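**Student:** With chain A's structure known, arrange chain B on it following the hints.
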Amino acid sequence: MNETIAKGHLSEEQIDKDLLKNVNWGGKFKLWMGFLTVSLIICLYYYYQQLQNGLGVTGLHDYVSWGIYISNFVFFVATSLIGMLVSSVLGMMKVEWVRPVARIAELVALAFAMVAGLIIITDMGRPDRLLNVFIHGRVQSPIVWDIAVVVTYVVISGLLLYIPMLPDIALCRDKLNNVPKWQQKMYRSLSLGWNNTAKQFRLMNRYTRMLLILIIPIALSIHTVTSWLFAMTLRSGWDSPIFGPYFVSGAFVAGCAAVIIAMFFFRNNYKLKEYITADHFDRMGKLLVLVALVYVYFNINEIIVPGYKANTADAKHVHEMLYGHDSVMFWLVQLGGLVIPFLLILFKPMRKPLPLTIIAVVILAGAWFKRVLIVVPTQLAPYYPIQNVPEGWTGYSPTTPEVAITVASFILVVMIITVLAKLFPVVPIWEVKEDMNHKNNK
Amino acid sequence: MKNNKGYHIIILFCLCFLAVANVNAQSDWQAPAEENEKLSPFLFDDDMVLEGRIAYENSCTSCHGTPGQDDFTPMSPPPGDPAAEQFQAQSDGSMFYKIKMGRGTMPKFEDAFADDELWNIVAYIRSFNEDYKQELPNMEGVVIPEYAMSLSFDENVDKLVVKVFAEELPQPEVSVSAYVMGTFGKHLLGKAQTNELGIAYVDVDPTLPGDEEGKVNVMVKATKEFARAKVEKHMVMAKPTERHSAIEGRHIWSTDRMAPIWLKITFFVSVFGVWFALLFIVFGLRNIKKAREEA
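Taken in order, these protein sequences are the chains called A and B. For the first sequence, counting from 1, position 254 maps to 817 in our numbering; every step adds exactly one. For the second sequence, counting from 1, position 247 maps to 248 in our numbering; every step adds exactly one.
Quick list of the computed label-pair ranges, beta carbon to beta carbon:
(1) B:P261 - A:V902: 39 to 45 Å
(2) B:R258 - A:V952: 32 to 38 Å
(3) B:D29 - A:P953: 52 to 58 Å
(4) A:V859 - B:F281: 39 to 45 Å
(5) A:G870 - B:V237: 53 to 59 Å
(6) B:V283 - A:L895: 44 to 50 Å
(7) B:P108 - A:K872: 40 to 46 Å
(8) A:G870 - B:S63: 35 to 41 Å
(9) A:L594 - B:H252: 56 to 62 Å
(10) A:N1000 - B:I253: 52 to 58 Å
(11) A:V859 - B:S63: 53 to 59 Å
The set of hints was computed from the structure by calculation and includes no laboratory data. These numbers were taken from a predicted model, which means no experiment stands behind them. Backbone N, C-alpha and C fix where the C-beta goes; we use that ideal spot for every residue, glycine too.
If we strip away everything but chain A, and leave its shape as in the complex, we get:
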């Protein structure tokens, strides 16, 4: 019997107490939010500059019109996919150990998906023209498909976070008497009069199940369509039929890493060592090995197939990656951000919470730069040579406003997760109790 579900020694009251403890607005939280807010305001100043002066303040130009904004967007969409893998695929397969961390995965998914949409807007010099996508968008355009699936995915992720949380919201409503009035009111209306009746559980389970089924194709399409933004164009490095699965497999790597980091943070700050155990980290580490292996497999395909055939443009692209202009970043990302971490976590000691979290941070950073490698170099190698243009157009390096606005997107994600984790218990209380009763009755 593994230790993740053996909580027989905890009483129900103890569980309620432990898991509701984090729902408060303590000094630490205020300090942390204050820090995030100040940082966000600084970054937003740069966005104001961009609004005022247009995209000229960025390093983007006629050749590289998709820089770190779009790389970041791809990264965010990728990271948000983990919600589907953990709560839906593993949840429906009745993999019991994921239950305590499923909500964390959903939080990560929702936050990243919400901000992903905003990043697209930052890539527009005239955000007011976003409406044109809806007014003049063509149904043939992958951009229209992308907007449709991103919006849908945000809503499904939100519902999938909310509906299974109903019993816990009711618990907050009943047990938390020392929180502000507006918060009590919010719990009252959000809990939908939850009364732990059998019928309510039946309905909740039915709706959750529908969502879990629905989210699989939606999540697959959100990232497949994101990959199609690239793969549907005739450009070396993008023109690849395996871009969809390549992106999806990469998404799971980034998402797993993000969830591990979030788990570590919650476990230590919210003192949840009894609930998010070392065994959870061990299993998440194994899951990470699995998804990383699949991703390595796709990476090999992405390089070796065009590299072997070596038609002119593709050969140049592969050459730039392996030995040329982008080789340093390429090998750092592939070896340092994927292969070495994956080899390390094959060993059990490396799957302990702290080492695994450090490795996850490295993998997540690698995953971010990997998106830059996918997005940028292709644009610097158009079929027609770059001629008679300003010298700066033969390369791309992000400017300070660009970096600041990208940092802002990360701050927003952390803020969303922080606030949600302060409003609601991060570990599903009723599910932990259910598990425990189930075990005790055996």
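**Tutor:** This is chain B only, laid out in the frame that chain A set:
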């Protein structure tokens, strides 16, 4: 080092020899005296220069390079740059003769170009010489007939019928060349000579693409000795072109309204299907509220 020096001297010597030999080779080539004195019956104008340039670029550039650029192909003997002094020192008749007859590696263009076209090339070569003054033949007592032309198309035999008159008399043995004018140049339909009735027939390819009505812009030139005439006319003698918009029909690349049906169905059915399910769940939340009392 020493060896190197010797080597250089040998190369230099060879080069000098080659240069001398080549100069000789070129200056050796003399047109027969009679040909040398031949004068162009046409006044070299911009029109001729332009046509000469097209002919030159198609047939001469590969060896002689661009005039004035000294970028002719290194051959032995060297073809030389037509804008160079040595070239321009020749008479018009000499140039005309050499282009027409050729020698050694210089091809013979007699069959490729009619006389007027050869003169076009001479006119083009002369356009690089600022000091050049065209020597015109003595025209005293020579009457140049003024040609008039009428064009028609015989659709039974797909032939362009060109009638050449001068003061209402049909003109025999006039060289006629017919062209179809395009946006970026002209396409030679064919060449013919008028018969004793002053009529020349030029074959027309019936698959030639015309405009929506099958019209093409035809240009016909008639030349005989000093007489010269040119006429342009829009004529219905080609295959009508049906113009289609590139985005006509339902395509991935068409407008939104003309998106492929399968795509529209797939997209909207998926989007509305998923949102229908989501709304079903959202409205279903009321049932959870209703179910708060155990039945």
